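There are 2 protein chains.
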Amino acid sequence: MQTIQAVSYPVHFQEESYKALSNLIEENNYSTIFILVDENTLEHCYPKFIPNLSTDKKIELIEIESGEINKNLETCIGVWNAITELGGDRKSLLITLGGGVITDLGGFVASCFKRGIDFVNIPTTLLSMVDASVGGKTGVDLGVLKNQIGLFANPEMVIVDNAYLETVAPREIKSGTAEIIKYGVTYDINLFNEIKDNKDLNISDLIFRSVEIKNEVVLQDPREKNLRKILNFGHTLGHAIESFYLESEDKENLTHGEAIAIGMVCECYMSAKLLGFPEEKVTDVKDVVVSIYDKTTLLKEDFSSILDLLKHDKKNVNGQVNFVLLNDFEDFKIDCKVPEALIIESMEFYNQ
Amino acid sequence: MQTIQAVSYPVHFQEESYKALSNLIEENNYSTIFILVDENTLEHCYPKFIPNLSTDKKIELIEIESGEINKNLETCIGVWNAITELGGDRKSLLITLGGGVITDLGGFVASCFKRGIDFVNIPTTLLSMVDASVGGKTGVDLGVLKNQIGLFANPEMVIVDNAYLETVAPREIKSGTAEIIKYGVTYDINLFNEIKDNKDLNISDLIFRSVEIKNEVVLQDPREKNLRKILNFGHTLGHAIESFYLESEDKENLTHGEAIAIGMVCECYMSAKLLGFPEEKVTDVKDVVVSIYDKTTLLKEDFSSILDLLKHDKKNVNGQVNFVLLNDFEDFKIDCKVPEALIIESMEFYNQ
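Heads up: the protein sequence lines correspond to chains A and B, in order. Per UniProt numbering, the very first residue in the first sequence carries number 1; after that it's consecutive. Per UniProt numbering, the very first residue in the second sequence carries number 1; after that it's consecutive.
If we strip away everything but chain A, and leave its shape as in the complex, we get (with noise of 0.2 Å):
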């Protein structure tokens, strides 16, 4: 499978990356290679992983435990005095194995370790496949406001090798194909229409494509100005629902992809009212949707919890909440002010 270039670094396919990694790793002389990864990825990734890392130099495990609850400065503490014990230095890299978690908190880490070490992100979610691996952003939480915490900061390698995607729970599979459909609404309409049409989709060309899209737009707007923003379609809302199943502890958290989803479908709904986007595309996303995601119902009596959350979103200015909508599929408008009713309306009309 072909190589994608990214801003300053390639993301490379299946097996042949491997070569690519003792390459990068040989050139540099590193002193020695960290890595990153949870119980899970030391469980399932890893034993996948270091047959194919080739080297005589000094190797070094980091565990973490999983989850979005661990994605803070806590851990990075952890991991920051973990690789000064084991000596690490400026000439050391660090590879991040695992999910979003690991490779937004491994890349930050990296970024601020004597004001920047070496990364290299081995996705091995579909989510961070699809989504955290081109982009450059890196981060942590603080306290329930994801991704508060972080920088811009690109690492020298993404490796998307198929085979880690056998280790991941349906769930987390599902959770990441919220992104491509979101790939597909906003940018390419064939990627959602195979997503809704086929029983039987061939999971590493939907990979390459989305990471395709994702390199495209990010390169014509790294820092987010406009195009960019296509990326958060559904997030906005979609954040905020998911920062309060986090933090609600009588509620079961939802992954980040049934967040999205509803963000989506919701977002969705505003465009139909806002911009005119045609009712019968919120009908075909919300169809989608409820065929890939359990239903959740948003509880009337939590809705003003989620108002609240949204307004801590990092791209808000002046307190006002800034939407990403559509004024049909793939083509969009930036900055939209929603008023608060209409925008628990789109709740409800999610719930129906």
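To be clear, the hints were calculated from the coordinates, so they are not data collected in a lab. In this text the structure is predicted, and so the values were computed from the model without any measurement. Among the clues, some could well be false.
Since the list gives no way to pick one copy over another, a pair counts as held whenever it fits inside one copy or between any two copies.
Unchecked claim - As a list, the in silico BS3-like pairs of lysine-lysine whose alpha-carbon atoms are at most 30 Å apart:
no.	residue 1	residue 2
1	K315	K58
2	K199	K281
3	K286	K300
4	K311	K57
5	K337	K58
6	K58	K196
7	K91	K311
8	K199	K19
9	K251	K58
Following the hints, position chain B against chain A.
Just chain B now, kept in the frame of chain A:
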């Protein structure tokens, strides 16, 4: 006084600076202006600063506790939470008003908040004026390891106003003088001679020339590949000594400049032994240092702890300590390995 143009931002001097700051705020239409202070700069510098800030934007003050001991991630978390609670968004501006702890930590906090907001540095100590004002280094300590976590990130503007020096204790002024001596011996011997010969120093001129030198060095070598390493002269051993006193509960802390001054004497001695740096110049440097600073005696039983701390220096690669030494005044050699016995000998030389 002239403005110095650093890589991507201006360094303004004296009262004229504030007009430039007002223009910056006007042009960027910031949503909120956060001012980071400690209890000392709140009391002594803030009253001098605030009448100069002409804006109708919302201003929020954030206070942290002074001292190197608070230059850590816990303090950053406190500031990030404060900015969040006060409604900070991506269009916020952070103004740092203080010494190196405030400017280094504040720059790091700003660069990581929501993946980066603008910041302006207003150094209020001699040390931070001549050292932290250009170069783009931001960061905090990890345990006793200085600046272990940080980034290269540039402010929008730096304001150097001598008026703040009136608020600073004489011991702190002396601390900054060590960096001026460093610029002298490594880059412009006139600066060293001025300090050596003159009892009546023109501090404005010394600051301006120091900022000019640091800027020349950084522009030529932003990522510390070669020339910029001269800025580490005296700092390799000096940082270890500083860290050692910081973590020793029964010893009074040294100021950064006091530790660096000792480091420079020791590294001049190493230079003489390894590179033939003239012995009378070692004496010159030692005489100037001893005339300015209270004499510290480094205890024999502490040498091994200091050597241990050396091994964690950020500039080390493969566990090897790298010194910048002098062939002569204004003539340096990077990446020098120094036998442990000679490092100890140099500390004994300083003690004599």
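- Can you tell me if K337 and K58 fall within 30 Å by alpha carbon in one copy, between copies, both or neither? between (53 Å within a copy, 22 Å between copies)
- Quick one: K91 to K311, C-alpha cut-off 30 Å, is that within a copy, between copies, both, or neither? between (41 Å within a copy, 15 Å between copies)
- Item | Intra/inter-copy verdict for K311 and K57 if alpha-carbon distance must be at most 30 Å | between (47 Å within a copy, 20 Å between copies)
- Could you figure out if K286 and K300 sit no more than 30 Å apart (CA to CA) within one copy, between two copies, both or neither? within (20 Å within a copy, 75 Å between copies)
- Query: Is it within a copy, between copies, both, or neither that the alpha carbon of K199 lies no farther than 30 Å from that of K19?
  - Reply: For K199 and K19, the Cα distance exceeds 30 Å both inside one copy (34 Å) and across copies (65 Å).
- Message: My question is about K315 and K58: at a cut-off of 30 Å on alpha-carbon distance, are they close within one copy, between copies, both, or neither?
- Response: For K315 and K58, the Cα distance is within 30 Å only across copies (19 Å; inside one copy 41 Å).
- Between the shortest in-copy and the shortest cross-copy C-alpha distance, which are at most 30 Å for K199 and K281: within, between, both, or neither? Answer is within: at 20 Å inside a copy they meet the 30 Å cutoff, but 81 Å across does not.
- When no copy is named, should K251 and K58 be tagged within, between, both, or neither for a Cα gap of at most 30 Å? Intra 44 Å, inter 38 Å, cutoff 30 Å: neither.
- Message: Reference check for the pair K58 and K196, CA-CA at most 30 Å: within, between, both, or neither?
- Response: neither (47 Å within a copy, 49 Å between copies)
Against the hints set out earlier in the document, violations occur for numbers 6, 8 and 9.
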